[in-house]
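Take the sequences, apply the hints, and build the full model.
Protein chains in written order, with our numbering: chain A, 1 to 378; chain B, 1 to 329.
Don't read these hints as lab results, they were simulated from the structure. Treat the hints with caution; some may be incorrect.
Mimicking SDA-like on lysine to any residue, the simulated pairs with C-alpha atoms at most 20 Å apart in a straight line are [unchecked claim]:
1. Lys57(B) to Asp121(A)
2. Lys100(B) to Asp121(A)
3. Lys361(A) to Ile256(A)
4. Lys100(B) to Asn248(A)
5. Lys70(B) to Asp121(A)
6. Lys132(B) to Thr158(A)
All values derive from a computational prediction rather than experimental measurement.
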Amino acid sequence: MRFTIQRDKLITSVQDVMKAISSRTAIPILTGMKIEAKQHGITLTGSDSDISIESFIPTEKNGEIYVENIEEGSIVIHARYFPDIIRKLPENTVQIEVDEQLQVTIRSGKAEFSLNGQDADEYPLLPQVETDNSFQMPTDLLKYMIKQTVFAVSSMETRPILTGVKFTLEKGKLNFTATDSHRLASRDVPIDAGELEFSNVVVPGKSLNELNKILDDTEEMVEISVTENQILFKTEHLNFLSRLLDGNYPETSRLIPTQSKTTIFTKTKELIQAIDRAALLAKEDRNNVVRLTTLDNNMIEIMSNSPEIGHVTEEVPIQSMEGEELKISFSSKYVLEGLRAIHADEVKIEFTGAMRPFIIKPINGDEILQLILPVRTY
Amino acid sequence: MKTWSEATEVQPLVSKIMINSIQKGRLSHAYLFQGERGTGKSSLALLLAKTLFCEHKTGVEPCHECVMCKRIESGNHPDVHWIEPDGQSIKIAQIEELQKEFAYTGLESNQKVYIIKDADTLTVNAANRILKFLEEPSRETTAMMLTENSQSILPTIRSRCQMLDLRPLNPVHFQQQLIEEDIPKSNARLLSALTNNLHDAHELHQDESFVQARRLVIQLIEMFTRDSDDAYLFIHQKWIPFFKDRLEQEQALDLLLLAFRDLLYFHIDKKDSIVFFEQNDERLDQFILSFTEESMIYILQYILEAKRKLKQHVQPTLVMEQLTLQIQR
Numbered sequence: 001m002r003f004t005i006q007r008d009k010l011i012t013s014v015q016d017v018m019k020a021i022s023s024r025t026a027i028p029i030l031t032g033m034k035i036e037a038k039q040h041g042i043t044l045t046g047s048d049s050d051i052s053i054e055s056f057i058p059t060e061k062n063g064e065i066y067v068e069n070i071e072e073g074s075i076v077i078h079a080r081y082f083p084d085i086i087r088k089l090p091e092n093t094v095q096i097e098v099d100e101q102l103q104v105t106i107r108s109g110k111a112e113f114s115l116n117g118q119d120a121d122e123y124p125l126l127p128q129v130e131t132d133n134s135f136q137m138p139t140d141l142l143k144y145m146i147k148q149t150v151f152a153v154s155s156m157e158t159r160p161i162l163t164g165v166k167f168t169l170e171k172g173k174l175n176f177t178a179t180d181s182h183r184l185a186s187r188d189v190p191i192d193a194g195e196l197e198f199s200n201v202v203v204p205g206k207s208l209n210e211l212n213k214i215l216d217d218t219e220e221m222v223e224i225s226v227t228e229n230q231i232l233f234k235t236e237h238l239n240f241l242s243r244l245l246d247g248n249y250p251e252t253s254r255l256i257p258t259q260s261k262t263t264i265f266t267k268t269k270e271l272i273q274a275i276d277r278a279a280l281l282a283k284e285d286r287n288n289v290v291r292l293t294t295l296d297n298n299m300i301e302i303m304s305n306s307p308e309i310g311h312v313t314e315e316v317p318i319q320s321m322e323g324e325e326l327k328i329s330f331s332s333k334y335v336l337e338g339l340r341a342i343h344a345d346e347v348k349i350e351f352t353g354a355m356r357p358f359i360i361k362p363i364n365g366d367e368i369l370q371l372i373l374p375v376r377t378y
Numbered sequence: 001m002k003t004w005s006e007a008t009e010v011q012p013l014v015s016k017i018m019i020n021s022i023q024k025g026r027l028s029h030a031y032l033f034q035g036e037r038g039t040g041k042s043s044l045a046l047l048l049a050k051t052l053f054c055e056h057k058t059g060v061e062p063c064h065e066c067v068m069c070k071r072i073e074s075g076n077h078p079d080v081h082w083i084e085p086d087g088q089s090i091k092i093a094q095i096e097e098l099q100k101e102f103a104y105t106g107l108e109s110n111q112k113v114y115i116i117k118d119a120d121t122l123t124v125n126a127a128n129r130i131l132k133f134l135e136e137p138s139r140e141t142t143a144m145m146l147t148e149n150s151q152s153i154l155p156t157i158r159s160r161c162q163m164l165d166l167r168p169l170n171p172v173h174f175q176q177q178l179i180e181e182d183i184p185k186s187n188a189r190l191l192s193a194l195t196n197n198l199h200d201a202h203e204l205h206q207d208e209s210f211v212q213a214r215r216l217v218i219q220l221i222e223m224f225t226r227d228s229d230d231a232y233l234f235i236h237q238k239w240i241p242f243f244k245d246r247l248e249q250e251q252a253l254d255l256l257l258l259a260f261r262d263l264l265y266f267h268i269d270k271k272d273s274i275v276f277f278e279q280n281d282e283r284l285d286q287f288i289l290s291f292t293e294e295s296m297i298y299i300l301q302y303i304l305e306a307k308r309k310l311k312q313h314v315q316p317t318l319v320m321e322q323l324t325l326q327i328q329r
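This is the structure:
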C-alpha cells in the first residue's frame with residue numbers, strides 16, 4: 001500500500017476518526033486506526049466497538065488533487081502515535097507506505113517515521129449497509145431532534161434498554177422517544193422516506209451525544225440506514241455507525257394521557273426562571289421538589305420548602321388557565337430540562353390531577369412532547 | 001488440540017458430546033469445562049468458538065484460515081469475549097462490563113460468545129451477578145466457563161450449565177513426551193507429577209533453585225529421621241529464607257508430599273510409582289526405618305492441611321512450624 005496525501009486533509013479526517021477510538025478497550029486491535037487505500041480515495045476507520053467512525057478522503061475534489069500515487073491496500077496503525085506524528089510533520093504533503101512485514105513508513109520532507117502496523121484483516125468488519133433501506137433528513141434537524149430527546153435517557157444500567165433513544169418510522173413520520181421511567185421526551189418529524197418503515201430501533205444515548213458533537217450545524221442532508229444490529233448516519237465524507245441496544249423497548253404510547261383536567265398556557269421563559277429560582281432551595285437528595293399551585297386571576301404560585309434551609313414562594317403570571325384548581329409537586333430538574341428542550345416561546349401544560357403525569361407541549365403543535373411524573377408529597 | 005479430530009484423541013468423551021451437539025444443532029447456552037491444568041479447557045473453548053463463527057466449515061471442523069478463525073485465535077474478534085481473573089479473582093466490575101456489552105447487539109453478527117477463564121475465582125458478588133445473566137441469555141449467546149475445580153463454583157451456577165469433565169492427562173504419556181525432549185528420566189518422573197504443562201516442565205527443569213529445593217526437602221526428611229530438635233532450626237535457617245513467595249512455598253510442600261508418598265510406596269513395595277527419589281536410592285532404606293505406615297498416612301494428611309492453610313493466607317512461617325511439630329510427633 002502506498003499513497004501521498006495533503007496533510008491538512010489527513011489531519012481533519014484523523015481528528016474525526018479519533019473521536020471513536022478509546023485507549024481502554026477489550027479488543028486489542030481497536031486501539032488502532034484502520035487506513036484503507038483505494039483508487040478513488042482513502043478511508044480511515046476508528047471504533048470502540050460501540051460506535052465506529054469512517055472518514056473518506058476522495059482522490060480529488062473540484063479539480064483539486066488530495067491524494068496521489070495510490071497503490072491499493074490496507075493497514076491498522078496504533079492510534080496513540082499516529083495523530084501526533086501527522087500533526088507535527090514539516091511539509092504539506094505526507095507519503096505513507098506499507099511493506100509486506102506490515103512496517104509503515106511515513107515521510108514528509110526530510111522526516112521519516114517507521115511504525116509497526118497490524119494486519120487489517122484483524123479489524124472488525126463493519127456491515128455493508130444497503131442504500132435502499134435508508135432515508136434522508138437535514139443535519140441540523142437531526143441534531144435538533146437528538147438534543148430534544150437524548151437528555152431524557154436513563155443513566156442507570158439496571159434497565160439497559162432505557163439508556164437508548166427509540167427511533168420509529170411509520171406513515172412518513174419519524175419519531176424519537178426517550179424515557180428513564182420518570183419522564184419521557186418524544187419528538188415527531190414528517191419525513192419523506194417512501195415505503196420504508198421500522199420500529200423498535202433503539203440507539204444508545206451515548207452514541208447520539210457523540211454523533212451530535214461530530215455533525216456540523218448545516219442544512220446538508222444526512223442519510224440514515226438501519227440494519228439488524230447497526231445504524232448508519234452518512235454525511236458527505238463521514239460515516240457514523242452505532243450498535244443498537246438489544247431488547248424490546250417498552251410500549252410508551254399508552255402512558256401519554258389523552259385528556260386533561262387542568263391546562264395552563266404560559267410564557268416559557270418566565271416559568272423557567274421562576275422554577276429555577278425556586279429550585280435553589282430544593283434539595284438534590286429529595287428529587288429537587290418544587291410545588292405549583294394554581295391561583296385565581298391567571299396566576300400560579302411556585303413554591304419550594306426545605307425545613308432546614310428555608311422556603312421560597314413566587315407568584316407567576318400566566319396567560320390563561322382552563323379547568324380545575326390544582327396543587328402539584330414535581331422535580332424541578334426534570335421540568336426545567338423539559339421546558340428548555342421544547343424551544344418554544346409559549347407552552348401549554350396539561351395536568352390530569354396531582355398524582356398523574358403531566359405533559360408539556362408548545363402552544364401550537366403536537367410534534368414535541370415532554371411527559372413528567374409528579375412527586376408525591378405530604 | 002486444534003481440530004475436533006485431535007481433540008477426540010485427547011478427550012474422547014467430551015469431544016464426542018460436543019461434536020454430536022454441534023451436528024444436531026443442540027448446543028447448550030452454557031458450558032462448564034472442568035479439568036486439571038493442561039487438559040485442554042482453553043483449546044476446547046477456542047475450538048467451539050471457532051466452530052460457531054467460522055464461515056468455511058467442513059463438517060464440524062472450522063477452517064482456521066478465514067478472518068473469523070484468525071481473529072478468534074488472536075483475541076480480536078469483537079463478538080467473542082474473554083474474561084480472565086484480574087489479579088487474584090474475577091471482579092464484579094468485569095461482569096458488569098460484560099453485561100453492558102451484552103445489552104448491545106453484536107458488532108458483526110447476532111451471535112455472541114463469552115468465555116470465563118478460572119471461573120472458580122469469581123468473587124461471591126460477581127458470581128451472583130452472573131447468575132441471572134446465565135439463566136436468561138439474550139438471543140444466540142453461548143457461555144463457556146473454564147475451571148480446575150468445579151466444586152468451588154456456586155452450586156446455583158453449576159446447575160445452570162452443562163458440565164463437561166475433562167479426563168486428566170495420562171502421566172506416563174506426558175513422561176514419555178518429556179523424555180523425548182531430552183529431560184533425564186528421573187527428572188521427567190518428578191516433573192510429570194508436578195505439572196501437566198510442557199512449558200512449565202521445561203522451566204522447572206532448567207531452574208537452579210528447583211535443584212536446591214529438592215535438596216532442601218531431602219535434608220528436611222533426614223532431620224526428621226535423626227529425631228533431633230534440629231529440624232525446627234533447619235526450618236528457620238534454611239527453609240523459610242529460601243522459599244520466599246507463596247508459589248514457591250506451595251511447590252515446596254508439593255515436593256515434600258511427593259517425597260513422603262514415595263516413602264509410603266516403598267513401604268508397601270510399589271516401587272514403580274516412586275517419583276521423587278530414584279527407585280534404588282539407598283537413602284530410602286534408611287529413611288523408612290523412622291516412619292511406620294500409619295504415621296506416614298498422618299504425615300500426608302498434615303501436609304495437605306498445611307497446603308490448604310497456605311491457600312487461606314495463614315502466615316507461612318507458622319504453617320511450617322506447625323507442620324514440623326506435627327511430623328516430629
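Hint check results:
no. : hint                   : verdict
1   : Lys57(B) to Asp121(A)  : holds, 19 Å
2   : Lys100(B) to Asp121(A) : violated, 26 Å
3   : Lys361(A) to Ile256(A) : holds, 12 Å
4   : Lys100(B) to Asn248(A) : holds, 16 Å
5   : Lys70(B) to Asp121(A)  : holds, 9 Å
6   : Lys132(B) to Thr158(A) : holds, 13 Å
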